[in-house]
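Asks: Heads up: the sequence shown begins at 1 in UniProt numbering, then just goes up one per residue.
Source of the hints: derived by calculation from the structure; they are not laboratory data. Backbone N, C-alpha and C define an ideal beta-carbon position, used for all residues, glycine too. Just so you know, not all the hints are guaranteed correct.
[Stated by the list, open to error] Computed spacing ranges between beta-carbons, pair by pair:
(1) V104 / P81: 18 to 28 angstroms
(2) A91 / E13: 30 to 40 angstroms
(3) D61 / G33: 14 to 24 angstroms
(4) D87 / I56: 24 to 34 angstroms
(5) E18 / D62: 27 to 37 angstroms
(6) E53 / N26: 13 to 23 angstroms
(7) I56 / D88: 27 to 37 angstroms
(8) E13 / R105: 27 to 37 angstroms
(9) S75 / V35: 13 to 23 angstroms
(10) S30 / L78: 16 to 26 angstroms
(11) D57 / D87: 28 to 38 angstroms
(12) E80 / G101: 16 to 26 angstroms
(13) E13 / D88: 36 to 46 angstroms
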Amino acid sequence: MIDPLRPTAPDDETQLSEGEAQAAINHLESVSGVVLSPAQLTDLLADWTHVRENIIDWGIDDPAAAEDLNNTLASELLDEPWQEGDDDFLARLKAAAGQRGYIVR
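Modelling step: build the complete structure from the supplied sequences, incorporating the hints.
Replies: Take a look at the structure:
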């Protein structure tokens, strides 16, 4: 398991800072209603190096980085891409998140 707050090696540049991780958590809550803990974000992004790199390089306010993060959540929970503005999709996403133990608002 990769901890985005604690690099696994001194030269590992794909680890999120505490601020970047919190921004990612806040973003996901705002677009999906799913609230992740730092440990859950770590697990979510463990196999998604390019998503971490995009957040580091561009920041979560960049549309491409935000889209990548949204797609990661949808892919991990539903095995499908993010669907903007689809209430049925959000309901299914929240149900899957709740089953995984995530807080859902």
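Asks: Return the numbers of the hints above that this structure violates; sort them in rising order.
Replies: 5
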